[in-house]
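Peer 1: Chains as they are written, first to last, in full-length UniProt numbering: chain A, 1 to 362; chain B, 1 to 546.
Just so you know, not all the hints are guaranteed correct.
Only some residues are given here: those of chain A computed to face chain B with a beta carbon under 10 Å [said to hold, decoys possible]: (1) Gly-41; (2) Thr-116; (3) Ser-118; (4) Ser-147; (5) Leu-214; (6) Ser-323.
Restraint-style ranges between C-beta atoms, simulated for each label pair [stated by the list, open to error]: (7) Arg-499/B with Ser-46/A: 54 to 60 Å; (8) Asn-124/A with Arg-499/B: 55 to 61 Å; (9) Leu-170/A with Glu-305/B: 32 to 38 Å; (10) Ala-101/A with Glu-476/B: 52 to 58 Å; (11) Trp-206/A with Val-427/B: 42 to 48 Å; (12) Met-65/A with Arg-499/B: 53 to 59 Å; (13) Trp-206/A with Glu-305/B: 27 to 33 Å.
Some chain B residues flagged as far from chain A (calculated, every beta-carbon gap over 12 Å) [what the hints assert, rightly or not]: (14) Glu-17; (15) Ala-77; (16) Lys-79; (17) Asn-138; (18) Arg-152; (19) Gly-161; (20) Arg-235; (21) Ala-237; (22) His-253; (23) Ala-274; (24) Ala-275; (25) Ala-278; (26) Ala-388; (27) Thr-424; (28) Arg-425; (29) Asn-528.
For the record, the hints were derived by calculation from the structure and aren't laboratory data. The C-beta atom is built at its ideal place from N, Cα and C for all residues, glycine as well.
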Amino acid sequence: MAFFILRRIGVMALTALCLTFVVFFLTNLAPNLEKLAKTQGNARMSDAEVISWLDRNGYGGPLVMRYGEWLGVVPGWLREDPVTGEWRGRCLEDGQAPEDADRFCGLLQGDLGYSTVSADEVSNIIGGRLQLTGILMFWAFAVMVPSALFVGVLAGMREGSRLDRSLSTLSIASTATPEYVSGVILIVLLASSQIGLSPLLVEWGWLDSGTLFLGSARSAMDDVTFWNFTLPVMTIALYGMGYIARMTRASMAEVMTAQYIRTARLKGVSFRNIVLKHALRNALIAPFTVIMLQFPWLLTGVVIVETLFNYNGFGWTLVQAASNNDIELLLACSIVAVFVVLVTQLISDIGYVFLNPRIRIA
Amino acid sequence: MNDPTKPARPASHPAAEMYAREYKAGQLSRREFLVRSTALGLSAAAAYSLIGLKPAMAQRATPPMGGSLRIQQGVLALKDPRTYDWSEMGNVSRGLLEYLVEYNRDGSFSGILLEGWETNADVTQYTLRVRPGVTWNNGDAFTAEDVAANFRGWCDSTVEGNSMAARMGGLVDADTGQAREGGIVVVDDLTVQINLPAPDITLIPGIADYPSAIQHRDLIGTNPLDHNVGTGAYRFADYQVGISARLERTPDHAYWGNAYLDDVTFVDLGTDPAAWFAAAEAGEFDMTYQTVGEFVDLFSAVGWERSDATTGATLAVRFNQLNAPYDNVEVRRAILEAVDLNVVLELGINGQGTVGENHHVCPIHPEYAQLPPMTVDKAAAMARLQAAGHGDTELTLISLDDGLGRFTCDAVAAQMRDAGMTVTREVLPGSTFWNDWLSYPFSATEWNHRELGVQILNLAYRSGVAWNETAFSNAEFDSLLDQANGIQDADARREVMARLQQIMQEEAVTIVPYWRSLFRHYRPGVVNADMHPKFEINIHHLGLSA
Numbered sequence: 001m002a003f004f005i006l007r008r009i010g011v012m013a014l015t016a017l018c019l020t021f022v023v024f025f026l027t028n029l030a031p032n033l034e035k036l037a038k039t040q041g042n043a044r045m046s047d048a049e050v051i052s053w054l055d056r057n058g059y060g061g062p063l064v065m066r067y068g069e070w071l072g073v074v075p076g077w078l079r080e081d082p083v084t085g086e087w088r089g090r091c092l093e094d095g096q097a098p099e100d101a102d103r104f105c106g107l108l109q110g111d112l113g114y115s116t117v118s119a120d121e122v123s124n125i126i127g128g129r130l131q132l133t134g135i136l137m138f139w140a141f142a143v144m145v146p147s148a149l150f151v152g153v154l155a156g157m158r159e160g161s162r163l164d165r166s167l168s169t170l171s172i173a174s175t176a177t178p179e180y181v182s183g184v185i186l187i188v189l190l191a192s193s194q195i196g197l198s199p200l201l202v203e204w205g206w207l208d209s210g211t212l213f214l215g216s217a218r219s220a221m222d223d224v225t226f227w228n229f230t231l232p233v234m235t236i237a238l239y240g241m242g243y244i245a246r247m248t249r250a251s252m253a254e255v256m257t258a259q260y261i262r263t264a265r266l267k268g269v270s271f272r273n274i275v276l277k278h279a280l281r282n283a284l285i286a287p288f289t290v291i292m293l294q295f296p297w298l299l300t301g302v303v304i305v306e307t308l309f310n311y312n313g314f315g316w317t318l319v320q321a322a323s324n325n326d327i328e329l330l331l332a333c334s335i336v337a338v339f340v341v342l343v344t345q346l347i348s349d350i351g352y353v354f355l356n357p358r359i360r361i362a
Numbered sequence: 001m002n003d004p005t006k007p008a009r010p011a012s013h014p015a016a017e018m019y020a021r022e023y024k025a026g027q028l029s030r031r032e033f034l035v036r037s038t039a040l041g042l043s044a045a046a047a048y049s050l051i052g053l054k055p056a057m058a059q060r061a062t063p064p065m066g067g068s069l070r071i072q073q074g075v076l077a078l079k080d081p082r083t084y085d086w087s088e089m090g091n092v093s094r095g096l097l098e099y100l101v102e103y104n105r106d107g108s109f110s111g112i113l114l115e116g117w118e119t120n121a122d123v124t125q126y127t128l129r130v131r132p133g134v135t136w137n138n139g140d141a142f143t144a145e146d147v148a149a150n151f152r153g154w155c156d157s158t159v160e161g162n163s164m165a166a167r168m169g170g171l172v173d174a175d176t177g178q179a180r181e182g183g184i185v186v187v188d189d190l191t192v193q194i195n196l197p198a199p200d201i202t203l204i205p206g207i208a209d210y211p212s213a214i215q216h217r218d219l220i221g222t223n224p225l226d227h228n229v230g231t232g233a234y235r236f237a238d239y240q241v242g243i244s245a246r247l248e249r250t251p252d253h254a255y256w257g258n259a260y261l262d263d264v265t266f267v268d269l270g271t272d273p274a275a276w277f278a279a280a281e282a283g284e285f286d287m288t289y290q291t292v293g294e295f296v297d298l299f300s301a302v303g304w305e306r307s308d309a310t311t312g313a314t315l316a317v318r319f320n321q322l323n324a325p326y327d328n329v330e331v332r333r334a335i336l337e338a339v340d341l342n343v344v345l346e347l348g349i350n351g352q353g354t355v356g357e358n359h360h361v362c363p364i365h366p367e368y369a370q371l372p373p374m375t376v377d378k379a380a381a382m383a384r385l386q387a388a389g390h391g392d393t394e395l396t397l398i399s400l401d402d403g404l405g406r407f408t409c410d411a412v413a414a415q416m417r418d419a420g421m422t423v424t425r426e427v428l429p430g431s432t433f434w435n436d437w438l439s440y441p442f443s444a445t446e447w448n449h450r451e452l453g454v455q456i457l458n459l460a461y462r463s464g465v466a467w468n469e470t471a472f473s474n475a476e477f478d479s480l481l482d483q484a485n486g487i488q489d490a491d492a493r494r495e496v497m498a499r500l501q502q503i504m505q506e507e508a509v510t511i512v513p514y515w516r517s518l519f520r521h522y523r524p525g526v527v528n529a530d531m532h533p534k535f536e537i538n539i540h541h542l543g544l545s546a
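Please model the entire structure based on the sequences and the hints provided.
Peer 2: Next comes the structure, spelled out in structure tokens:
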């Protein structure tokens, strides 16, 4: 088991290395660097000024060397500015003398780098954003998993019944609707004072004024309420829910045809007791892995939902970092993403071993 | 706060008196009179008294003290103010870093950190009177030394991206890239004298622009976020790029004027107006930075107050004359002749503005000259293009993928197609558009409002200047422009301007389809939040009614 986990960690490190190199390569393409210089310096910079700016700010060297600097295996750049005579360097803190600065400052030294757009250390930015996304994911899970299991079990109890068909149709529809569609539909229906449900409710006197839910989750960054968090949570939950519900339904339907259920029926156990006491426990093993698989999948959902609802969490940060070519922030985001995907896989693999004794890992 | 009703110094300036006579003779509009006379150093009150009116301008309400306000606006990373390239940067730091002079909504200038200023008769010498009793929030006194140090900083053209150097004009020594010897003289603690080698009427508008925020004499070239030192009533409490910026009243700082609010938050909701609207309905901010397109009506429909400003802002659909086929004047003329600007105004910005005339001087500029109307003749345009040998040439019009740029260019392209030209539209997202935007052969560029007609011509159409995207280079134009820069009498200047405008049309430099009206919305109860022709927000003026 220990070897298995070690090997997994090795794979994770290697994946992270490859992925970050790809990201590094793409963000350091010449047009991207030019854009960076123009956003950081001045939008009307001439080509010569761009080159000078890039050189002065440490983007001049060969790509592999700079990747090494970021990793922390190559000493950080340090040079005297030809224009101002100041010392500038990757590892140089503000006002630090060049001889006091660390030689290496990269990922291996625990330094995630500097976000050019936010003008702040990446580590200062990532932490708070991850926490915000954590809150959103928690609520999405808290809504998605129980309701998906409930729907799945209801549908799987009597395969082919009218209840099964309608719930299955709903599940397929919700899985087939991506977040950027369902999010917009929800906003239009529930969070506009001009169209959708809210003006009707106001007219009927059920609602004082304004809207049923808030179409922007920005205030949820300070204080999560039912009004500001329902729509983003529902948008994420709806998409994943259908999938888990379908898996649960299949598993439940299979269990319901098992021999021991038939025996229980013949013995006259009530349908309610058959479902609750005999079938349910066995039917829930299969959805477990599916639920774990939702974590990495949620990461993409979160990117869309956070951008749509202006909730400045990890997904939003990733989009901003990519569109601003904020190199080191984007690299840090990729590492977090790799970490989340592989850790959840690891957990689901280990969990599966415990749930299913037929699988053994040496 | 600058009190417009304060008795003015016995005002006078020979030119101002001349303007007053012109106004009375009906040759000048009140706005033009105000722009010209306050640019010469008269207070608005003094200017009004010259024409026998009581100041009805800049009537800002006095809101009660206290309250918090949230403004929807992009929160960009700050930097050395001289290199600011977006009005938003000036707005967010204006609570901390003030300006010498403020440009008001009605076209007049009033002193902020300057109490007033005078010019000599031929506009080569400015005497700036520093407002007494102003202190920095670190306790230092604000003096003429600070003003002089900022002028020296603005003149330093060796700083990458320092756009102030262009606004300083002749004050910059071309050889050293620094301020001219003897150009900036500290007369005493509260007086600075600026000596220009040639007449320049644009100095005061130049120092009222957003990159001219006044920094402490020892902190020139720094990012205000790093030190939080300024003369303003506020300081940064929190700054997260792309998310929000919060300013709070600086404790223990005796601010020289009035500031009403306790704190102000700038809320960044991205660039999609639909997201702003959703956030407005969710009650997440109290006033917009700017409301555009269909959202002007939508915000009004949900009960927000609308404020608008007529401006000289436009979207120039310009050619770059270094690229074929636009190096051929006949091709450019043909395109101008094919495009009906009334249609572009209607389709490009829903008619929210006034129609342009294909030269970059707006009717609200004091020296605007009326030219004979342009003719639109699609058949003649096509014939002209064919005669130039480009009848079948594919013309590619590139624009940014936003409402204004895209719809306007679509309309221009449609007009050209109507005439039979082959036009391809290329719509680029912001992530790729900005890299090469200065050198696109045929593209659109947004221009903000400037106070005087000559300013934009100096900035964008003079040979070889940094912001000249059209690559227009014309010796006659340059020398006439030099001449215009030295004529303070707008009527005399108008004669030169007429020719300058005419050259722009003859040379078919650019399509200037319209002059935009700008809109802003705010929640009922927000005070002094009116839209400014230059997008300026001064949080010192803002307040909330009880």
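Peer 1: For each hint, tell me whether it holds in the structure or not.
Peer 2: Hint-by-hint comparison with the structure:
1. Gly-41: Because about 5 Å separates Gly-41/A from the closest Cβ in chain B, which is inside the 10 Å limit, the hint holds.
2. Thr-116: This interface hint holds because 8 Å falls under the 10 Å limit.
3. Ser-118: holds (4 Å)
4. Ser-147: violated (25 Å)
5. Leu-214: Holds, because the Cβ-Cβ distance from Leu-214/A to chain B comes to roughly 4 Å (cut-off 10 Å).
6. Ser-323: Holds, about 6 Å.
7. Arg-499/B with Ser-46/A: 54 to 60 Å: At 31 Å between Cβs, range violated.
8. Asn-124/A with Arg-499/B: 55 to 61 Å: holds (57 Å)
9. Leu-170/A with Glu-305/B: 32 to 38 Å: violated (44 Å)
10. Ala-101/A with Glu-476/B: 52 to 58 Å: holds (57 Å)
11. Trp-206/A with Val-427/B: 42 to 48 Å: holds (44 Å)
12. Met-65/A with Arg-499/B: 53 to 59 Å: holds (57 Å)
13. Trp-206/A with Glu-305/B: 27 to 33 Å: Holds, at about 28 Å.
14. Glu-17: holds (40 Å)
15. Ala-77: violated (5 Å)
16. Lys-79: Given that some Cβ of chain A is not farther than 12 Å from that of Lys-79/B, nearest at about 8 Å, it is violated.
17. Asn-138: holds (18 Å)
18. Arg-152: holds (16 Å)
19. Gly-161: Per Cβ check, Gly-161/B is inside 12 Å of chain A; nearest 3 Å; violated.
20. Arg-235: Answer for Arg-235/B: holds, closest chain A Cβ roughly 17 Å.
21. Ala-237: holds (15 Å)
22. His-253: Holds: least Cβ distance 25 Å, greater than 12 Å.
23. Ala-274: Ala-274/B not clear of chain A: closest Cβ-Cβ about 9 Å, inside 12 Å.
24. Ala-275: The claim breaks: Ala-275/B does not keep its Cβ more than 12 Å from every Cβ of chain A (closest is about 6 Å).
25. Ala-278: violated (4 Å)
26. Ala-388: holds (31 Å)
27. Thr-424: holds (22 Å)
28. Arg-425: It holds; Arg-425/B is separated from chain A by about 22 Å at its closest Cβ, greater than 12 Å.
29. Asn-528: Check passes; 25 Å lies beyond 12 Å.
Going down the numbered hints, you'll see the structure goes against 4, 7, 9, 15, 16, 19, 23, 24 and 25, while the others check out.
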